[in-house]
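Chain by chain, the residues:
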Amino acid sequence: MMPEDPRFDGPGPDARWQAALSEGVFTIQHCDACGAAQFPPAVTCRACHGGALSMVSASGKGAVYSTTTVRSREGAHNVSIIELAEGPRMMASVEGDPEAVRIGQAVTARVAPGEPPMVVFAAEGAE
Amino acid sequence: MTDGLRGKVAIAGIGNTRRWHAPGRSAYDQLEEASFLALEDCGLTLGDVDALYCAHSTSGLPVLNVAERLGLGPNLRHADGTMVGGASFLFHMRSAVSALNAGQCDVALICYGSNQASAGGRLVPMPDPQPYEAPYKPRYPISSYALAAARHMHSYGTTREQLAEVALAARAWAQMNPDAQERGPLTLGDVLGARMVSDPLSKADCCLVTDGGAALVLTRGDRARDLARPPVHILGTGVAVSHRQIAQMPDLTTSAAAISGPAALREAGLGIKDVDHAMLYDAFTICTLMFLEDLGFCAKGEGGDFVASGAIAPGGALPVNTNGGGLSCNHPGMYGLFTVLEAVTQLRGDAGARQVAGAEVALAHANGGVLSSQATAILGTAATI
Ligand SMILES: [Zn+2]
Chain A
5 MMPEDPRFDG
15 PGPDARWQAA
25 LSEGVFTIQH
35 CDACGAAQFP
45 PAVTCRACHG
55 GALSMVSASG
65 KGAVYSTTTV
75 RSREGAHNVS
85 IIELAEGPRM
95 MASVEGDPEA
105 VRIGQAVTAR
115 VAPGEPPMVV
125 FAAEGAE
Chain B
209 MTDGLRGKVA
219 IAGIGNTRRW
229 HAPGRSAYDQ
239 LEEASFLALE
249 DCGLTLGDVD
259 ALYCAHSTSG
269 LPVLNVAERL
279 GLGPNLRHAD
289 GTMVGGASFL
299 FHMRSAVSAL
309 NAGQCDVALI
319 CYGSNQASAG
329 GRLVPMPDPQ
339 PYEAPYKPRY
349 PISSYALAAA
359 RHMHSYGTTR
369 EQLAEVALAA
379 RAWAQMNPDA
389 QERGPLTLGD
399 VLGARMVSDP
409 LSKADCCLVT
419 DGGAALVLTR
429 GDRARDLARP
439 PVHILGTGVA
449 VSHRQIAQMP
459 DLTTSAAAIS
469 GPAALREAGL
479 GIKDVDHAML
489 YDAFTICTLM
499 FLEDLGFCAK
509 GEGGDFVASG
519 AIAPGGALPV
529 NTNGGGLSCN
539 HPGMYGLFTV
549 LEAVTQLRGD
559 AGARQVAGAE
569 VALAHANGGV
579 LSSQATAILG
589 TAATI
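First to last, the sequence lines map onto chains A and B. Our numbering puts the first residue of the first sequence at 5, with every later residue one more than the last. Our numbering puts the first residue of the second sequence at 209, with every later residue one more than the last.
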């Protein structure tokens, strides 16, 4: 039997991302070959299709790329797409009044504890 | 060279159950009736079918379920169960065109059925977990389209009033289609005053939830000419896939219709100005507006002004969604095949009060997932060959 390829040993990228999040750390990937930042994590780089990626702490800085208020009988909550300072986009929620969230607004991430923990954002300068 | 495919395959038969609320009928009942009708339409039977194309939101094995149920297994020589949401059936059409041209099959059946409305909450879609989006509780799929609409408004100044014009045009066409489910009066005030679901989209920006069944029979063009109905030729097809989760869409204001549309037109050897009639999958009002831009009927960012000018409504320059669309005619879960049915009906000259005079070239465009998959077909009458 051929040995497994050691470049892909260890937990997969989704498991590593979740494990970091459980420790309160929001990570993204950095491509060792082309320097691209990547989220959501994967085994290969979607920019250069190479196979060498490192998990790094995200800066947590970003801006609202788009936003919606989801309404139901239980109330209203925010769902946004955040463009991270490193480049990738992610779905997340912006805390506070959902209707106050604006496209272009600067936001900062924190990891909200819970089962599972979640990356959420607050408007910059907000308490 | 794909140019060689132009018009070689034709839609010989179409079937539409027109059963938008049919308690007691399963999705397969709807699919089977539509398939029977489509084959009968062109003078063939299920015994002639040697290629099967289908997709379901509730089954990961649609070809197996349908082949067994319709007794197609023994004769089957080609099949494709590609599942990319509501655009699946136009992906299937492209697959069938290749297989028919290669001589791998002779009679292709593309079929769909759904009991989404009458099953109500009991319909269980196939699991497809999205761990990076689910924790934020977007309402699926409307919040994804709402995020695209919000960004379009931000980038281009598109307004809720302009989106409402899409719903009003669809209703005006539906009022000329006796098969449309929603034919009552609808005003701008009704649309703007509807209950907000995921800002900026309200209930009136959303397609209907109905049952329904649809089917197409495809053969090579030479054989179609000898069948019962005038053939509608497939002049070109194009498909494109851009993302699964809305946050990964490269540009929220431009869909991959900007790829599938030009690809289909290239294969057809035509330009967008040659299109007499367009069917643009309207799961939400923003879809029609974006596809008008992405397919090139108007420039990027001008969709709002284009629809507000009355261009897509009855009497406008470009007849769009003449059956009333997913917004006012029917929308049984995955609507893609119905865009083709109406295009064929128009090109056959069978559309009655809503007939587009002199229609020779029609464009059918379907969307799947959350603006994720896009597929375009250019169809033409015998005169276009
Ligand atoms: Zn790379």
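Keep in mind that the hints were calculated from the coordinates and are not lab data. By construction, the Cβ of each residue, glycine as well, lies at the ideal position given by its N, Cα and C atoms. Heads up, a few of these hints could be off.
To be verified - Footprint (simulated), chain A over chain B, 3 or more residues, beta carbon under 8 Å:
(1) 328–341
(2) 344–350
(3) 447–457
To be verified - Negatives, chain B to chain A, calculated, CB over 12 Å:
(4) Glu-248
(5) Thr-253
(6) Arg-359
(7) Asp-407
(8) Ser-410
(9) Arg-428
(10) Thr-461
(11) Ala-471
(12) Asp-513
(13) Ala-516
(14) Leu-526
(15) Asp-558
Against the structure, the hints come out as follows:
no.: 1; hint: 328–341; result: holds (count 3)
no.: 2; hint: 344–350; result: holds (count 4)
no.: 3; hint: 447–457; result: holds (count 4)
no.: 4; hint: Glu-248; result: holds (45 Å)
no.: 5; hint: Thr-253; result: holds (48 Å)
no.: 6; hint: Arg-359; result: violated (4 Å)
no.: 7; hint: Asp-407; result: violated (4 Å)
no.: 8; hint: Ser-410; result: violated (10 Å)
no.: 9; hint: Arg-428; result: holds (39 Å)
no.: 10; hint: Thr-461; result: violated (9 Å)
no.: 11; hint: Ala-471; result: holds (22 Å)
no.: 12; hint: Asp-513; result: holds (21 Å)
no.: 13; hint: Ala-516; result: holds (22 Å)
no.: 14; hint: Leu-526; result: holds (28 Å)
no.: 15; hint: Asp-558; result: holds (41 Å)
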